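Student: These protein sequences, in sequence, are chains A and B. Okay, so the first sequence: first residue is 0 according to numbering that gives the first Met the number 0, each after it adds one. Okay, so the second sequence: first residue is 0 according to numbering that gives the first Met the number 0, each after it adds one.
Bear in mind the hints are in silico, worked out from the structure with no lab data behind them. What you were told as hints is all true, and nothing was included just to trick you.
Quick partial rundown of chain A residues pointing at chain B, CB under 7 Å, derived from the structure:
1. A65
2. A536
3. D543
Far from chain A by the CB rule (all over 12 Å, computed), these chain B residues:
4. S2
5. L9
6. L10
7. G21
8. S69
9. Y179
10. A182
11. W271
12. S448
None of the values given here were measured: they were computed from a predicted structure. By construction, the Cβ of each residue, glycine as well, lies at the ideal position given by its N, Cα and C atoms.
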Amino acid sequence: MGPVALVALVVLPAVMGAALLLAGLHRGGQADRFGVHLGVGTAALLATLSVPVAISRPAVSMPFLAGGDLGLAVDGLAALVLPTVAVVSLLVLLAAAGSSELRTARFHGLMLLFVAAALMTVLATTLPALLMSWEVMGATSYALIGYHWRDQVGISSGTTAFLTTRAGDLGLYVAAGAALGGGAGLALADLPSTQGRWLDVVAGGLVLAALGKAAQLPFSFWLSRAMHGPSPVSALLHSAAMVAMGGYLLLRVSPTLAASGWADDVAAWAGALTAVLLGLVALAQSDFKQLLAASTAAQLGFVVLAAGLGATAAGTSHLVAHAAVKAGLFLAAGVWLEALGTRRLTALTGAARIWPLVGACVAAALLSLAGLAPLALWATKDAVLAAAWDRSPLLYVAGLIGALLSAAYAGKALVVLFSRLPSDAEAAWDDDRPGTRTVPIAARLALVPLAVGAVALGALALPPYAEGVHDLIGGGGPEPSLRELLVSAALALTALLATAALMARRSAVRWPGALSNWLFLEAAAHRLVVGPTVRLAEALARVDDRLLDGVVERSAGWTQRLAAAVARADDRGIDGVVRGVASGARGLGRLAQRPQTGQLHQYYLQAVAVLALALVVLVLVR
Amino acid sequence: MLSVLVFLPLLVSAVLLTPRVGDRLARRVFVATAAIEVLLAGFAWAAYETPKPGGLGLEQQVSWIPGVRSSYHVGVDGLSLPLVVMTALVFLACAVHALREQQRPRLQAALFLFLEASCLGLFVSADLILFFVFFDLSIVAMYLSISGWGHGDNARSALKFFLYTFLGSLALLLGFVGLYVAADPHTFDMVELAANPPLQGQGLAGGLVLGAVFLGLAVKTPTFPFHTWLPPAHSDAPAIGSAVLAGVLLKMGTYGFVRIAMPMLPDAWQAWAPVVIVVGVVSVLWGALVALAQTDLKRMIAYTSVNHMGYVVIAVGAAGVLADGTAEARGVAVTGAVTQMVSHGLLTAALFLLAGSMFERTGSYDISRYGGLAASAPRYAALFSVAAFGSLGLPALSGFIAEFQIFAGSIAAVPATAVAVLGILITAALFLRALQRVFTGPTSGLSVSFCDVSAREWAPVAMLLLVSVLIGVLPRLLLDLIEPAAAAVVALVGR
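All chains, full assembly: derive it from the sequences and hints.
Tutor: Pasting the structure below:
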């Protein structure tokens, strides 16, 4: 049962997803009707299946490539993350079923493929298995972000996401080569034993790939673009798949990072910097989804920081708790976008009061995000911070600033969403699309368990469960002391209240353009990478046409000219000689005729002349 | 067995030349013969048993020109059998695609069956003269296909193709003669030449012979800078001509590396491996970047072939750089190279058949004249997307299996080859850009009245893509065949 169920967790959604996509190609829309049911049903099956699999922890391996099997297994780390991915996927698909534009076989097919890839990423024990799921996840995210393909912006955002994350993925290809070269083989668990300088390449490649997927600096901008996708896509992509998988990979290979002696520091600092800078970016956003997106990168910063510190248990708890928080928030943003037709924060003033259940769930998630005690992210983040303090006070300070910023941007959203509903609120709505003014029951059903998670999952990092999580996952890291916990809770509350107070004074803040524009990262990527590459490509194409092909084309002309020259030489030279010989012979013949006059006295004269000549020669020679 | 495989299409081709055969019948005979060829190739696979290293399976030898010790000698191993099967599949796809051919279908069927015979003949040849004969026959047949059934400036493109690759084949012949002269006793037999490589330890002579062989194969592959015949040949060739040209004919070049150059000239190959690697890396990056700059869909696909064949060249080059403990990695690289030949054959043939369907409808490959095509032709869009993602190396399709092994093996053997991974990023960029411009956005331009593909158009493409997915998901089916042969080549080139 165990291994079969394990394989089914990947194969079932993959096959079902592919089948739905194929069925969706037939016009008429019958596929759409059963597509939704099959999509949600499959996800429910996966969620159910994931729990016993996580408990029985089976492992399978099948021969795949030379030196690298296709290995899937549940270890302690996967045991916690696997049900998270499966359950969040189910809730997201359930919520999506309430959205009319997403009730298609294509959407559910793509989502199932996406989920299959995410689940396989969680389970992968070898580099080929990991890379396989990793890249399929990127490709399906492309198709999902560009789901509304009639909209050029959407599809180009998908392209941005795929290309940016694939740029990071190149690290995995190189890491695989280095692992082979360093004699470690392609199993993830064996990577720390890579020999010599190869280990540096392996660690560097893994960090590059993970930072790309986790939208850490400098790759963060693709996450902003990914907001063009449907909200349920964001809800899954940000919480339990894709972005989360970037952090997950680093948690999984954290021993390799440590073994390299430098990659762990790089990861820790990349995470801490992202937590701070993207926290600032989140604070500066005026679009709810963009705020949440920047917050995702910042929160994943804590996970990446934890992986760099070797605090795997703390990082995993944060990853799992954040999944519940962020999935709920994105679903709520999607609900409002659909119902009110807007995602601008100012237009959403008081939105949380319209549907109390949605409002309550959002409040739970945002307060958790702010780090308020005793909610989930408060405890998990402090577990990460405690580990940071152990390594370097500087890292701790950076992490703490990141935590305060979380409180600030969550507070900003809270204040706006829970303000009194303006009497003319409706005038500001419907700028994105005409709103439906209703919240589907499916979405409400999905929000509640996520809100519960956002409140309660902090238990993973608190006694009495924290020890169990530690034992399950392994990895060092100290527990946060009670004082640390209380101080951080107080700080978070202060930051939250300060934000609220500042906003109450209604002093409109003009944020620097760098912050509202995501540090101009996308512009920089265009200027430094995309633009030069395209110009180089065009220049090379000209060289190809004019020089390389030009030489070939001209060589034809040269050959013709050479042939003409040879023909001329043939005509005038070789044939000229022949003709010369002929005409010479003719001339000589004519000359030879001249002495034959038939007159005897002339013959005598010739004989005398010849004799005289012979005499002269004789005299001269002797 | 193999002789039936080679001579059946030749025989049918001869029958089709008689004018009494009707057009309808000719098209069907083409499909039937191609299908039988696929079955025969399948039987050959079933009957094949891995031979001892350096040997061939399903061998057959008949005296032919005993004066120069050249014989009709055929056989297959893990390097050639996958290509034989791939060739049969590509021709079947072409035959189905050509079911509605209006332009002299009888002659076209005869020509393509002749071409199929020469392609299969080349892959099963175990004698250099035989190899060369099939090599040149394929050039002649392709020339006739482009000039007789092409469009645009096809006469000129066909001539350019013919002269360029024919010139390459002359260099190849020169190299073959060099091998013959240097062998003791003189022979053209490929198995004997690989078993007792001539010119070992003779740096200059070995280098010159390898130079001639390499030049001939590099033109055919094609590698930078000998690739400029490829884009015009493709853009003016008929759909099935392009599919065979890119799918099968290009493989003759790369197959020559693993079959002839490496095992028969190991010393010279080792000496010149760094040059081979550089040629491969430049081909990868050059092909990808120039493809990125194209505005013509078919030219773009053509340039990606330069990129994809570049990976093969890198892998075979890396196999020539010997170092302790890298034999396994070099084996992985060569396995990847052979997988790439198969994978590229399937995926590029699919892409070119799809490009052909586009040209049939609108007469234009200009990317900028399309937009939102997914609305008018969803099946077409889906097939094209899958083929494009396969071509950019997405896992679950064969390209990933090939490229992952090429990279992992090559980087482990020669770390500097890591720079070539940039190629898969650029390829991703160019395919996504093309998908975006042709298929998404508001439906406009030539997309408006574009009717979706019919069964005779999508079925062959779907077949090729399915095989690619099969390799991508269950690669052992193919790799169990290739790996022993790849290990044998690595051992031979390491002498």
